[in-house]
Amino acid sequence: MTAALEDLWLTYQSTVAFVGLNGLLALSVYATLSCGQLSLAQAGFMALGGYTAAILTFHSGLPFALVLLAATLVPSLAAVPLGFPVLRLKGVFLAIATIGFGEVVRIVFVNLEFTNGALGYTGVPQRTRVWMIYAALAGALFLLWRLRRSRAGYALEAIREDEPAARTMGIHANAYKLSMVVLGAALAGLAGALEAHFTFMVAPSTYSFARVVDMLVYAVVGGAGAFHGPVLGAAFLTLLPEVLREVGSRVGLQPGPLRLFVNGLVLLLVILFLPNGIVSLPQRLRERREARRPGAARAG
Amino acid sequence: MLLELDEVERAFGGVRAVDEASLQVARGEVHGLIGPNGAGKTTLLNLVSGLLRPSGGAVRLDGRRIDRLPPHRIAALGVTRTYQNIRLFGGLSAADNVVVGAHLRRDAPLWRWMLMLPSAGAEQRQARARALDLLRRVGLEARADEKAQNLSYGEQRRVEIARALASEPRVLLLDEPTAGMNPAEVASIAALIRGVAAAGQSVLLVEHNVKLVMAACDRITVLNFGRVIADGPPAQVARDPAVIAAYLGGER
Amino acid sequence: MGQQIVNGLFLGSIYALFALGYTLVFGVLDILNLAHQAVFMLCAYVALLAVGHLHLHLFLAFPLAVLAGGLLGLLVDRVAFRPLRGRSDSNISGLISSIALATILEAVALQLFGPDVERFPFGTVPSRTLRLGGAVVSELQLVIIAIAVGMMAALTLLVQRTRLGRRIRAVAESPRAAQVLGVNVDAVIAASFFISSALGAAAGVLFGLAFNAINPDMGRAVELKGLAVIILGGMGSMTGAAVAGFALGLLEVFTVAQIGSSYRDAIAFGVLFLVLVVRPRGLLGQAATREA
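If you read the protein sequences in the order shown, they are chains G, C and R. Residue numbers for the first sequence follow my numbering, beginning at 156 and rising by one. Residue numbers for the second sequence follow my numbering, beginning at 521 and rising by one. Residue numbers for the third sequence follow my numbering, beginning at 780 and rising by one.
Keep in mind that the hints were calculated from the coordinates and are not lab data. It is possible that part of the hints are untrue.
No more than 25 angstroms apart at the CA atoms, straight line, and that leaves these computed lysine to any residue pairs for SDA-like [what the hints assert, rightly or not]: (1) K731/C to G659/C; (2) K667/C to R304/G; (3) K667/C to A699/C; (4) K245/G to L863/R; (5) K245/G to A1045/R; (6) K667/C to L163/G; (7) K731/C to R657/C; (8) K245/G to R573/C; (9) K667/C to L429/G; (10) K245/G to R657/C.
A few chain G residues that don't get close to chain R, going by computed Cβ distances all over 12 angstroms [stated by the list, open to error]: (11) D162; (12) A293; (13) G294; (14) Q409; (15) R439; (16) A446.
All C-beta atoms, glycine included, are put in the ideal place defined by N, C-alpha and C.
Assemble the whole structure, with the sequences as input and the hints as a guide.
The structure is reproduced here in structure tokens:
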């Protein structure tokens, strides 16, 4: 009986952990989306965080808290020299450049003998507990929640709405954008470290462009207009395949392709029909109802 | 002289949008900038506010060159503006738009806000109160919490002016602020502009409404094809044959 | 040295063909179609199936796969891009919807074919080699280069000399003006997608033949290199894409010869960064933005 319960917890524990981790990753993408930048370098930052943490765990006796701190700092520092040149780029160019960065990091790790190249580290001790993941997530949510109505938060929204106009109001757009890139890098690095010490391994294949696409999907599906949107998206898209897995296996669908398919389909439906994500659903329904009322007041 | 444009030039490819234009705006002066469509008025404002770099000449504020500075530095030196095609932050409320405008004036260190200190909350309430004040000045206090994109054309223009005033600028650049307004609204804008000047702030007013310009401005510069064809008090400019020719010959 | 040039041109011709697909769509729509690589991958499978299961000769399988690619392109336009026409954020949302569609297509491929590498049946690919100067060139390489260059030439002819080509150029210049002049903009865009994806499909089949390896992941690697190529060549410039494609192929081959193969893929990104930082409009791109 207890063995069955333990089994149950072990299975759910993993899902619960990943909901939290994916939430953190989604927030790291949201950080830059919130000021209008589509920066997709997260896989690279995640790799830097994961590897830093694993290396410190293996080669130093540092307590986990310090390891996590280092894993947050290293990608943050790396984000600065990356940020400077690429922030001048617009839209799709920025996206491409940051994707490139992530890939370069991955390739470097594939070739680094010191870290076992393409195999990476296995046997990373499981120092992460689920509560740590959620503590980190809560911290990130608090940070982003407070940021919203702060002077900086107003500036970020202005930048997202109309960057040149924001500049003429005295807002140092590049400094703000760089800060958000650094924040995104910190969150991705932290998530990478926590994940590495949960899944027992660190390998370049974990940090591929496909991973970044996942994070982007969480943020967009949840809704990139609000700080809690991406977390909702991550939760939804992490749980959905688990729910569908049972159904899928009965029809002969493999879990891997199924998860991919669900991600893609949900993203497509959202971007076509609910572009501001799940969080915008209540507002959209409200607007629909108001528009249908006869004699509804016209704006302006 | 507070604001000085010295033989400013801006070319796009082979076209000289602004051709050796010079003008001066004194402290507390309302200076009109008029001319037919395509004369280069908006380009001139873009040059002053830093969205464009001049290909020749210089722009000076209080004697100091500002034409190579990035827009946010120029704003920090006290130059703000409105836009011909209205560039409000649509998703933000009117009040929030004005609060953003006050960005430079706010003393709100982030760490205080993060720690949820009472002083930070007080500062925020104060920022909002000041924004409401400015909206009251343009007659829009009642619409403060309406999303900017839901406001009418005229209302949006007024919010833009309030936003530009929020940082207490030394020079206010207005780009056709009364386009699409009815005469009553135009009159109130004129009064607002005179009030701003009376407080010691300078205004560079680009306008098509010649009556407004004649009534509200201390001096007027007339632009045609990027060149200055007249510069002086309203009465003098109105009688200038070159000006009359430009307006009769070209579009209004 | 001659050997490297041949190898570089051979690899580059495939990159160029693939990148031209990106460029064509970017030219008319100002959007990057990130589902391009999924079509690339799927049509390689189509060719594989045609040869392996339908026992068609490669001469038939190739055009079949190219046609399939064109049709897929129409689907991509209809599903991922057309519904977004007119939205203010259509650049970013188009990017995202094409990513979504690419993910769906990859999932389908993964489910149908599994993750393992497949190969063409023995004998599909000619294995004769020739000596050309100091280099050993395989018949396959020559055929691939010939087909790629041939398709590029055909594309140039189409764009420069035909009515459709004129319409495509008009829409690329200004959709609004083109519409006023009576051009059916939606149809032209659909045609561009057809051609673009046909090119991508061709590149996919050639790539699969060249390395005799097909798997659902193959699009990913080439996708990013394709992006590097169009950035280097200048987005929207077809000549740029062609030149840059060959350039990247040569660069990669030379790098492998000098430094070793492990950092080969990083070359594309190194180039990418360099270009974006130093000269974002690339070798032949226009600095001016097009009007809406």
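Results of checking the hints against the structure:
About 22 angstroms separates the Cα atoms of K731/C and G659/C, which keeps this hinted pair within 25 angstroms; it holds. Of the pairs offered as hints, the one joining K667/C and R304/G holds, with about 16 angstroms between alpha carbons and a cut-off of 25 angstroms not exceeded. With a C-alpha separation of about 21 angstroms, the suggested pair K667/C and A699/C falls inside the 25 angstroms cut-off, and the hint holds. Only pairs whose Cα atoms come within 25 angstroms are accepted, and K245/G paired with L863/R is accepted, the gap being roughly 20 angstroms.
For a cut-off of 25 angstroms, the pair hint linking K245/G to A1045/R stands: about 23 angstroms separates their Cα positions. Restraint check for K667/C and L163/G: the C-alpha separation of about 49 angstroms exceeds 25 angstroms, so the hint is violated. For the hint linking K731/C to R657/C, the alpha-carbon distance of about 23 angstroms falls within 25 angstroms, and the restraint holds. Between K245/G and R573/C the alpha-carbon distance is near 19 angstroms, which keeps this suggested pair within the 25 angstroms criterion.
A C-alpha spacing of about 20 angstroms is found between K667/C and L429/G, which places the hinted pair at or below 25 angstroms, so the restraint holds. For a cut-off of 25 angstroms, the pair hint linking K245/G to R657/C is broken: about 38 angstroms separates their Cα positions. Remark: the non-interface label on D162/G is consistent with the geometry, its nearest Cβ contact in chain R lying 28 angstroms away (cut-off 12 angstroms). The claim that A293/G lies off the interface holds: its Cβ sits roughly 28 angstroms from the closest Cβ of chain R, which is beyond the 12 angstroms cut-off.
The beta carbon of G294/G is kept farther than 12 angstroms from every beta carbon of chain R, the shortest such distance being approximately 28 angstroms. Not every CB of chain R is more than 12 angstroms from the CB of Q409/G (nearest about 6 angstroms), against its label as outside the interface. At roughly 15 angstroms from the closest C-beta of chain R, the C-beta of R439/G stays outside 12 angstroms, upholding its exclusion from the interface. A cut-off of 12 angstroms between C-beta atoms confirms that A446/G is not in contact with chain R; the least separation is 19 angstroms.
Figure legend: structure checked against the earlier numbered hints; hints not met, in rising order: 6, 10, 14.
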